[in-house]
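Chains A and B, in that order, are what the protein sequence lines are. Numbered by our numbering, the letters in the first sequence go through residues 11 to 406 in order. Numbered by our numbering, the letters in the second sequence go through residues 6 to 239 in order.
Since the hints were derived computationally from the structure, they do not count as laboratory data. Note that the structure is predicted; figures quoted are calculated from it, not measured. Wrong hints could be hidden among the right ones.
[As the list claims (entries may be wrong)] Sample of chain A residues facing chain B (criterion: CB under 10 angstroms; computed from the structure):
no.	residue
1	12
2	24
3	352
4	356
5	357
6	358
7	360
8	363
The C-beta atom is built at its ideal place from N, Cα and C for all residues, glycine as well.
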Amino acid sequence: MNAIRHSMFLARRHLLHHRQRSALLIAALFIVGFLPIGVENLVQAGERALRARGEATPLVAGAPGAPIDLVLSALYFRSPPDRELRTDEIETLIEGELARVLPLVLGDRVLDVPLVGSDPGYLDFRGLECVTGRSHAAAGECVVGAAVAAREGVEVGDRITTEPREFFDLAGAYPLRMEVVGVLGESDGPDDDAVFTGLATAWIVRGLAHGHDDLEAADDAELVMGRTEDDAIIASAKVREFVEITDDNRASFHFHAPPGELPVTAAIVIPNDAKAGTILLGRADVGRLPLQLVDAATIVDRLLVEVFRVRRILMGVLAVVGFATLLLVGVVVALSIRMRSLEIETMHLIGCGPGRVPLILATEVLLVLVIAAALAFIAGGLVVPMLSGAERLILG
Amino acid sequence: MGSVLAVYPTHVLAIDDVQFDYPAARGEGDGFSFRLGGLSVDRGETVAVIGPSGCGKSTLLRLAAGTLRPRTGTVRLDGVDLAGLGEAAMRALRLRSIGFVFQDFRLLDHLDVEENAMLPFRLGGLRADAAARTRVVDLLERLGIGHLRRRPIGRLSHGERQRTAIARALATDPGLVLADEPTGNLDPSNKRVILEALLGAARDRDAALLAVTHDHDLLDAFDRVIDLGTEVPS
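Could you build all of it, start to finish, from the sequences and the hints given here?
Structure (structure tokens):
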């Protein structure tokens, strides 16, 4: 016992005396241990979050195409698939009243996060509640996710402006100023990093609806150039398009497309029961629906297979790098022992007990390993809490 | 006479008619053979060993320390014939009964002055208890470096380092101190001061001192001088 105590003392003093070398060794070994632990914890947390989100989302509908893209859009508001559905195609899902449908209109951004157009039922479906304010109701209103609000310092009553869709298209849709009417509570999911608004507002942002000066009442000759035979007004470029929806101009907003043709990126489909879900999936399978309908959990499982494959490759690479690092650390330790030959000889000459010098050297190595391993475990455990949204990190 | 445990209380070190053969280097004819008819050192006695390079001064110290085993003859330490001891017993005997002072100090840089002096207690079966610590602190005071107990070795002068090495050599109250050029690394003004510190500390503890030296100016400080270059001591 004394031998271990004295060896520990001498080893500790040696490591402290050679702080820089010890720190380098610990850092090298820390990285060797931390990377696999961190990656493993991150993947596990991401897997849990992805599965939970997938299992909380029964079915997802969208235009035919890659189901993974569709599911990631509907669950994580990622870049929408190239093809979108029309509103009247969504209507086919409601036939027979087998399910409730929550359409999602994606593709625009505000405050550097996705702008999600849906009806307020989406917030209820996800169990999201406003900690301040209320849910969006009228066009031009929005509610902000908890993380966005905290990061940007957004509060109820603030105005936020969507990001321009096309910088150099003068005839394109203008960014829209929206009023923040609510801030959502934290959900530890992608809803924290999004801004929610109504479908109408999302379409306005896309430029599918707009509001402008009331030309019927206008008496400015430079504004109204004339009328066609069927009494349509010909306006000049002077016509002023509103970039914010207010109580005064809300009535002037109108669509220039039939309601059934308005685009929907994806739709969350909530069957009334398991049987209804099976019927809907069957309809989609046999082509009775003009869209693809997928089980979100199944698609997430398919995605995770790919994630695990990448993890195996990464772990293999890390194992090789770790082995090489351990070899280098071994060389450093061997050289260090060689440089200490005089010290070791002196200890032997003084009468050092047999095995004591190897014990001291082994204790030094062990201390370095234990410190590096402990730091790696602690840091590995902190990866998930420190990096919120593990699943988003995995998805890139 | 043949018993390992035979005790000769008068002499701490007794060397009798030893011969040690160094093998010849490859292609260089005969090897070197060290012979010594007899040498005994008593407790409290200080002996200087001088002689030209290659005459066997260091060999004598290593034979006395038991790190070399003679081909013939006997080396007894505190009456114990070293030839009869195994490696473990030899180490234990060295730890308990022999102190070493080196020309290049051989202190551990990562320990402070007191920790270096206490080193023998951390390397073997000796108890590093309060009594040992008190003894070491007293020794450091006696050597004039009590105020430097917590100072790292790297911040000591050569003289202070050698005093620390002397404290380490005497920390276990050994019967014999072997010193290899203890003043060889010191500036002239410091040599006699340090040597007298070493001799004084050894005498205080009734330890015998066998010191190899090239400093002929300092020989007067020793009780006895053995010149391996001109005489075969007996």
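So, going through the hints one by one against the coordinates:
1. About 8 angstroms separates the beta-carbon of residue 12 (chain A) from the nearest beta-carbon of chain B, less than 10 angstroms, and the hint is met.
2. With a least beta-carbon distance of about 5 angstroms to chain B, the hint placing residue 24 (chain A) at the interface is held under the 10 angstroms criterion.
3. Taking 10 angstroms as the C-beta cut-off, the interface hint given for residue 352 (chain A) holds, the closest approach to chain B being about 7 angstroms.
4. The beta carbon of residue 356 (chain A) is positioned within 10 angstroms of a beta carbon in chain B (closest approach about 4 angstroms), and the interface hint is therefore held.
5. Satisfaction of the interface hint for residue 357 (chain A) is found here, the shortest Cβ-Cβ separation to chain B being roughly 6 angstroms, below the 10 angstroms cut-off.
6. About 8 angstroms separates the beta-carbon of residue 358 (chain A) from the nearest beta-carbon of chain B, less than 10 angstroms, and the hint is met.
7. Below 10 angstroms, beta-carbon pairs count as interface contacts, and residue 360 (chain A) has one with chain B at about 5 angstroms; its hint therefore holds.
8. Of the supplied interface hints, the one on residue 363 (chain A) holds, with its beta-carbon coming within about 5 angstroms of a beta-carbon of chain B, less than 10 angstroms.
In this structure, every one of the numbered hints holds.
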